[in-house]
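Take 770 as the starting number for the sequence shown in the working numbering and just add one per residue.
These are calculated hints, taken from the structure and not from any lab test.
Computed from a prediction, not measured in an experiment: that's the story for all the values here.
Among the clues, some could well be false.
Derived pair list, reagent style DSBU-like, types lysine-lysine, alpha-carbon separation capped at 30 Å [what the hints assert, rightly or not]: (1) Lys987 with Lys781; (2) Lys987 with Lys1048; (3) Lys987 with Lys862; (4) Lys1048 with Lys862; (5) Lys1048 with Lys944.
Just the calculated beta-carbon pair ranges, DEER-fashion [as the list claims (entries may be wrong)]: (6) Ile953 with Phe867: 17 to 23 Å; (7) Ala930 with Leu1067: 43 to 49 Å; (8) Ser863 with Gly796: 14 to 20 Å.
Every residue gets a Cβ at the ideal spot worked out from N, C-alpha and C, and that includes glycine.
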Amino acid sequence: MLLAVGIALLIKGSDLLVDSAEKLALGVGVPVLIVGFTLVAAGTSVPELVVGLNAVLQGVGDVVPGNVVGANIANLCLILGVAALVRPLVVRKSIVRFDIPAVVVISVLIALLALDGTIGGADGLVLLAAAAVYFYFILRTLKQTHPPSAERKRPRLIDIALLAAGIIAVMAGGKITLDTAVGIAVSIGVSPYLIGLTVISIGTTLPELATSVTASHKGSGDLVLGNCLGSFSFNALVILGLCSLINPLPIPGFLDIAVMGIVAAMLMPLILRGYVLDKQEGALLVTFYVLYIAYQILMSGI
770 MLLAVGIALL
780 IKGSDLLVDS
790 AEKLALGVGV
800 PVLIVGFTLV
810 AAGTSVPELV
820 VGLNAVLQGV
830 GDVVPGNVVG
840 ANIANLCLIL
850 GVAALVRPLV
860 VRKSIVRFDI
870 PAVVVISVLI
880 ALLALDGTIG
890 GADGLVLLAA
900 AAVYFYFILR
910 TLKQTHPPSA
920 ERKRPRLIDI
930 ALLAAGIIAV
940 MAGGKITLDT
950 AVGIAVSIGV
960 SPYLIGLTVI
970 SIGTTLPELA
980 TSVTASHKGS
990 GDLVLGNCLG
1000 SFSFNALVIL
1010 GLCSLINPLP
1020 IPGFLDIAVM
1030 GIVAAMLMPL
1040 ILRGYVLDKQ
1050 EGALLVTFYV
1060 LYIAYQILMS
1070 GI
């Protein structure tokens, strides 16, 4: 019950934080393009970021790679799969040619950095540098293909109040989620890493699942795939990068990082056939995810 409360606070607080921060940034003249991309990319990953920062500060850093890898596998299998089951996802060639290879490269980079069983401070700097390069190319592409959108106005005091409420909610939600998840791990005799990989990662990706199903129903395949890949990259580069600067992150599950990369690579041949992720392929991704979670539960001995 407490875990559900914590995740709910994380989700609602993230919505408030991102929406109010966007309005405040636009109000002080930050370009719409930059505000839109950075806050959308970061917004869906705020729950993972808050849980990660709480984890390293409380000395349970193995939750972080579990949550990040679990959320990324859920993004590519569960969310994309369910969205494709709702309606086949038609995507632009540019997404297939740049974004999907990018997440494969990111997966390989993390695997290389984790070969020694730890992602440390130096590794974190490498990940953050890679994030800067990745977001630079994304912003440059957006600048060429997307015109600025109209600004919505709202009294600034309301935005400040909502921003404060969002920050309080995500901080409280992050602590409740982490403390409850670690308590569950101890009580059933499994590692916090496994709880992060399964329970926390599924809970923190629920908003993306709901958004993606809605977007798929409206025929916005680009939006679904773009959000999933953007969230994947932010999780892997920024969250792992920032958290590892605070404390080195132990990597007990190298196999899971390999699975993350394999799933990313699987998307290329699936989508290249007509630049569509169809219902059969969506079913394949969901089935893969269910089997993966079942394997994790089976191996944990629960």
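Here is how each hint holds up against the structure:
Annotation: proposed proximity of Lys987 to Lys781 holds, straight-line Cα distance about 24 Å (limit 30 Å). Of the supplied pair hints, the one linking Lys987 and Lys1048 holds, its CA atoms being roughly 16 Å apart against a limit of 30 Å. For the hint pairing Lys987 with Lys862, the CA-to-CA distance comes to about 20 Å; that is within 30 Å, so the pair holds. Between the alpha carbons of Lys1048 and Lys862 the distance comes to roughly 19 Å, so the proposed pair stays at or under 30 Å and holds.
Annotation: proposed proximity of Lys1048 to Lys944 is violated, straight-line Cα distance about 38 Å (limit 30 Å). Between Ile953 and Phe867 the C-beta distance comes to about 39 Å, which lies outside the given range of 17 to 23 Å. Here the CB-CB span from Ala930 to Leu1067 is close to 48 Å, well matched to the stated 43 to 49 Å. For Ser863 and Gly796, the Cβ-Cβ distance of about 32 Å falls outside the hinted range of 14 to 20 Å, so the restraint is violated.
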